[in-house]
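**Student:** Take a look at the letters that make up each chain.
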Amino acid sequence: MGTQHTCRKELEEDADYFAVPGAHLYTVRHRVEEPVARVLLSGPFASERHYSYDPWVRWARYLAQRGVEVLRYDYRGVGESEGIFEETSFQQWSEDLQLLASWLKSRSPNLPLVLHGLETGALLAGLAFHAGVWDVLLLWSPPANANLALRPTLLRWVVADQLFKFGEDRRPASAYFQKMEEGSTIEVEGYRWSAKLWRDSHEVTLPLAMEDEDRARAIYHRPVRVVRLGKEAIPLIKGGHAVTNEPRNFTSLFAKNWGWLAGALAIDGGGVGESGN
Amino acid sequence: MSQVTETRELFTLNCQGAVLRGTFHKPPKDFPTTSSTGILSLAGFPMPRAGHGDAAVYWAASFANLGYPSFRIDLPGAGDSSADVPAELLQFINTGGHERVAAAAVKQLVERYNLSGVVILGHCAGAISAIFAAAICEECRGLILLDAPFHLPPAGRPKVRDALFHWSTRSRFGGLLSNIRDQIKKISLFLRRNAPPENTNFPLVKRWKDLASGGLPILLINAPPPKASGTKPRVGKFDYLRHILKLAGDRSRVDVSIIESAHHTFSDPAGRDAVRRQVEQWMPTFFPFENLEQATANFAQPMHSNNEADFSTRQSMFARVDATREVESLP
Numbered sequence: 016m017g018t019q020h021t022c023r024k025e026l027e028e029d030a031d032y033f034a035v036p037g038a039h040l041y042t043v044r045h046r047v048e049e050p051v052a053r054v055l056l057s058g059p060f061a062s063e064r065h066y067s068y069d070p071w072v073r074w075a076r077y078l079a080q081r082g083v084e085v086l087r088y089d090y091r092g093v094g095e096s097e098g099i100f101e102e103t104s105f106q107q108w109s110e111d112l113q114l115l116a117s118w119l120k121s122r123s124p125n126l127p128l129v130l131h132g133l134e135t136g137a138l139l140a141g142l143a144f145h146a147g148v149w150d151v152l153l154l155w156s157p158p159a160n161a162n163l164a165l166r167p168t169l170l171r172w173v174v175a176d177q178l179f180k181f182g183e184d185r186r187p188a189s190a191y192f193q194k195m196e197e198g199s200t201i202e203v204e205g206y207r208w209s210a211k212l213w214r215d216s217h218e219v220t221l222p223l224a225m226e227d228e229d230r231a232r233a234i235y236h237r238p239v240r241v242v243r244l245g246k247e248a249i250p251l252i253k254g255g256h257a258v259t260n261e262p263r264n265f266t267s268l269f270a271k272n273w274g275w276l277a278g279a280l281a282i283d284g285g286g287v288g289e290s291g292n
Numbered sequence: 636m637s638q639v640t641e642t643r644e645l646f647t648l649n650c651q652g653a654v655l656r657g658t659f660h661k662p663p664k665d666f667p668t669t670s671s672t673g674i675l676s677l678a679g680f681p682m683p684r685a686g687h688g689d690a691a692v693y694w695a696a697s698f699a700n701l702g703y704p705s706f707r708i709d710l711p712g713a714g715d716s717s718a719d720v721p722a723e724l725l726q727f728i729n730t731g732g733h734e735r736v737a738a739a740a741v742k743q744l745v746e747r748y749n750l751s752g753v754v755i756l757g758h759c760a761g762a763i764s765a766i767f768a769a770a771i772c773e774e775c776r777g778l779i780l781l782d783a784p785f786h787l788p789p790a791g792r793p794k795v796r797d798a799l800f801h802w803s804t805r806s807r808f809g810g811l812l813s814n815i816r817d818q819i820k821k822i823s824l825f826l827r828r829n830a831p832p833e834n835t836n837f838p839l840v841k842r843w844k845d846l847a848s849g850g851l852p853i854l855l856i857n858a859p860p861p862k863a864s865g866t867k868p869r870v871g872k873f874d875y876l877r878h879i880l881k882l883a884g885d886r887s888r889v890d891v892s893i894i895e896s897a898h899h900t901f902s903d904p905a906g907r908d909a910v911r912r913q914v915e916q917w918m919p920t921f922f923p924f925e926n927l928e929q930a931t932a933n934f935a936q937p938m939h940s941n942n943e944a945d946f947s948t949r950q951s952m953f954a955r956v957d958a959t960r961e962v963e964s965l966p
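So the sequences go chain by chain: G and Y. Read left to right, the first sequence gives residues 16 to 292 (the numbering used here). Read left to right, the second sequence gives residues 636 to 966 (the numbering used here).
FYI, nobody ran anything at the bench for these hints, they're computed from the structure. Ideal placement from N, C-alpha and C gives every residue a C-beta, glycine not left out.
Quick list of simulated restraints, FRET-style, between CB atoms: (1) G/L114 <-> Y/V639: 14 to 24 Å; (2) G/N125 <-> Y/N834: 52 to 62 Å; (3) G/E48 <-> Y/M636: 13 to 23 Å; (4) Y/E641 <-> G/I282: 34 to 44 Å; (5) G/A281 <-> Y/V639: 33 to 43 Å; (6) G/A175 <-> Y/M636: 36 to 46 Å; (7) G/E218 <-> Y/M636: 30 to 40 Å; (8) G/E48 <-> Y/E723: 28 to 38 Å; (9) Y/E773 <-> G/A270: 43 to 53 Å.
Not the full set, but computed from the structure, chain Y residues with beta-carbon under 7 Å of chain G: (10) M636; (11) S637; (12) Q638; (13) T640; (14) L645; (15) R656; (16) P683; (17) G688; (18) A690; (19) D715; (20) S902; (21) P904.
Take the sequences, apply the hints, and build the full model.
**Tutor:** Right under this line is the structure:
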């Protein structure tokens, strides 16, 4: 039976609350004694947070083992952060990310600052990168807009919600879409999605320059990488059976991305033997 | 950065070589009826301590507001905790892999927060760990079990089985075939004289029997699985609920609630509210705020006592709950 590895460095993690206007955000900082860079992880949306949590934490630990200090956090109204989900907005989540970025930058202004986003988090990361203080941007599976991240989550929920319902009791996914478009709030996997959230999600898109990596690098003059994750990355992305006892192996995914990141930061990317298991 | 807010506090426990992260939901300051019994929440697999849809956060905040210090922790292999655990985590949990670490966590919480004891609230796989831990933990004063599975996941080809299951739920013909299969399984169950199936989690059932028949206050809250009807399981399925209640015996202090409109995760508004209401009704029955010293003395007795006088004569009850209606007691 294999084990999930823990080394001493993984224990150097501080869980804290970060005060933002009207709430406290839950953060975990993976400390490194002499970091070569700092990275802010901007994770996936609402219920996706829970399914992807394990590999997301493993990725943070993987980076910390390689000398990169990591700060990950929960969005306002999600997970361990305070706030009421249905009362918050993409605008607020963007502003919170900027506040965390400023704090992280202030800790050591001379260190490279990396922003890494996953799915909806990649959209927020892209917008923050466009706005300024970052040196490197890594995006995993950004959708064209936030609505395209919400839809599959809703579809998964509809399938679960409609099990063994027949006839008039059975409603297609379009009925749920319509409800929100008519201004109603619906519940999806424990979160109340407001009509505003649904409407706004169409407007949350990557900056045009980031639709193509080469173009992004040319415009921003900073390293930008957009990675479309495949099935091997489940449950970092949606698909398959999120609840499974099959051990997942992320070694290859992590190594490839670390290779690029180390190159972007101009540091030696080799020499650490821990895996992404 | 701070580890404390007005209502919450982050903490770390070092248990059995693992570093466990947790969140403490504090009762309001100067609250007149704060209890010395805490509630510890263990989330289902593979959820971090916030639980499905952050339902565990909602419950912990609600119970703290009622006066019960409430805690949520990530057990090894989940959330922000850090430990060496087998890669086949679910199998590990099912066989009581978290037993000792969860019991150690309870003990540390009792010492650190000066509690008289802890009630463990576990959901699904968290309920399994709760039962195993309670069996070796004197500080555990009660259990709240949400959809506790008393069977191991069936062996076989899950992808094919899942595909067939989903097909059967989408088509009338598939539904018909599914019903026929249920009837065949019913006959098979009858021929086996309604004995527990091979994949029953027997070590878990044994611990349940010890705890329940020993008089530990237990609140069972279930959501009906697909094709179940009230307290009855799906046709052809072994009735674990009846079985474990029978094992618990007449002297047990087991209460059962079936929340009709809830999903297994209890994260939907109806499910999470019904769980909150059930727990808020149940906790003061066994862990009252008034006459705290007497209450503590009552429930500080050994869990496995065989002295009949130690236990109340309260009957196990069935309360079917439709979250949209009032609680309805069943005979």
